[in-house]
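Asks: As given, the protein sequences belong to chains A and B, one line each in that order.
First residue of the first sequence: 97, per the numbering used here; consecutive thereafter.
First residue of the second sequence: 1435, per the numbering used here; consecutive thereafter.
Keep in mind that the hints are not guaranteed to be accurate.
[To be verified] Example chain B residues on the side facing chain A (calculated, C-beta under 7 Å, incomplete):
1) P1444
2) L1446
3) P1447
4) Q1450
5) P1451
6) V1504
7) V1515
8) H1516
9) P1517
10) T1527
11) S1540
12) N1541
13) M1554
14) S1564
No lab work stands behind these hints: they were computed from the structure.
Remember, predicted model here, so these are calculated numbers, not experimental data.
Ideal Cβ positions, reconstructed from N, Cα and C, are used throughout, including at glycine.
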Amino acid sequence: MSFSNSVAIVGVGETDYSRASGRTELALSLQAIRAALDDAGIEPDDVDGLMKWWVDTSTEAEVAANMGIRDLAWWGEISQAGNVGAPLVAHAAAAIHAGLANVVVIYRGVNGRSGRRYGRGDVTGQGGRGGGAFTEPFGLLTPQHGLAMVARRRMYETGITSRHFGMQAVAQRRHANRNPRATFYERTLTLAEHQSSRLIVDPFHLFDCCLETDGAGALVLASADFARELGKPAALIRAAAQSGPGVGSPAARGAKRLFAMAGVERDDIDVIQIYDHFGPFVLFALEDYGFVEDAGRLVEEGGTDFDGGRRPVNTSGGHLSEAYLQGINHLIEATRQVRGESTAQVPNVTFSFCDTGIGTGSVILERGES
Amino acid sequence: MNDWRFERPPGLPLPQPAEEARPFFDALLEGRLAIQCCVACGLLLHPPRAVCSACQSTDFDWQETSGKGVVYSYVVTHQAVHPALAGHTPLATVEVELAEGPHITSNLIDVPPESVEIGMAVTVVFEEVSDGVVLPLFRHH
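Just chain A, same shape as in the assembly:
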């Protein structure tokens, strides 16, 4: 039996976003968790499940001890890197549906600017070991290198251009300019500024790359029945899917499972969040998930912009302009959209889509009763 609509996101929370938090990653996570529990209207000891990114440095034991949880019934983490937010939602929902836990908190806290910087090859490189033996000696040292290689080929094959990437970056910046939490709340961006920004790894300009952020976010999941007792609007998890190694686009493969579980079509989706470690991949994912055939044409028509777009994409500003919290801020924003709480609120949202890793995982949230 699928867990469709039997589990909900009942609370979301985040810290301030900065370049130097002055706090430990554990302290950041605990602050975000407290905010999410307050949002849900429940106490720390109501939590009996914890889930984390595998790369997160705050263990469930430390988090549980600090929260004063007296009986942690279930916990877990998912491997890979920043791209596992939606997979964590899928796992937590499955656990709640299976009766392994009642209230699960998912957290991600990271000093991504003042601490470990993921865009640095000396931080994330393999030192020529493993698969790195075949790439790093030639200068492919960071996540952006491998992804730039994919992007360059896609530009060649489809005709999508850096100007299209810039149009998406500008749309997201406009969303951030409405969002007081966003790092770039007060800084505008034009297409000309995007095009003249320095190249980091060609074809990626500076404004195609995500921010580096200190901060944390958290989600609280519980059964839909529990959610109704809380008396606040819940975001029902209509569907969730993972998509790992295989043949062909992970997003295209995951989309089949996701939309089959949801029983809805692409056109039923009212608002979209997509993981943007690099902005061009938002456009690629829009195509691979089947939302649109030509994402370049879509952005030329302003189709992803809150102002005038039929279906805006990355309405908080995303990783490019809000914060790089490795997908948890996308999940928070997707939740706010179905609750009517976004700073770029799409009217009458029923279904909110969120990808957290260019195919690795995705969810469809549905507006619940309040």
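Chain A is already provided as a structure; the job is to place chain B on it using the hints.
Replies: Quick look at chain B alone, frame taken from chain A:
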């Protein structure tokens, strides 16, 4: 432009291959670009695997390739996102599709970064970059 010559940033990591990848680097020392080949089904595998992904055989041979291919994609690093790149940008890195099918990562020795294009025909050259370490680089001309 014609006399442009690739200078490899000396601080880039050297390969520290896993056991199953050693024959690839050993062949380079002998001036051969050899790709792991499944004896049972003939599939070429790169990077090398512990088991053939098509037939699950563990019986491998190493097939010498023509060393010819085309540029499938490329990137140009402009920001020194690794200490080894400081003072060595722009640096072009290419993904070469070998005539035999597999893709390998490399650098072009005779094409400046701003002139690299997808589809360029390239041929392997063997460059000793450190004592006992040879890498497969490619030339266009």
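Asks: Compare the structure with each hint and give your call.
Replies: Each hint, compared with the structure:
1. P1444: This interface hint is violated because 11 Å lies over the 7 Å limit.
2. L1446: Holds, about 6 Å.
3. P1447: holds (4 Å)
4. Q1450: Because about 4 Å separates Q1450 of chain B from the closest Cβ in chain A, which is inside the 7 Å limit, the hint holds.
5. P1451: holds (5 Å)
6. V1504: violated (12 Å)
7. V1515: Status holds, d = 5 Å.
8. H1516: Holds. Min distance 3 Å.
9. P1517: Holds. Min distance 6 Å.
10. T1527: holds (4 Å)
11. S1540: holds (5 Å)
12. N1541: With a minimum Cβ separation of about 5 Å from chain A (threshold 7 Å), the hint on N1541 of chain B holds.
13. M1554: violated (12 Å)
14. S1564: violated (10 Å)
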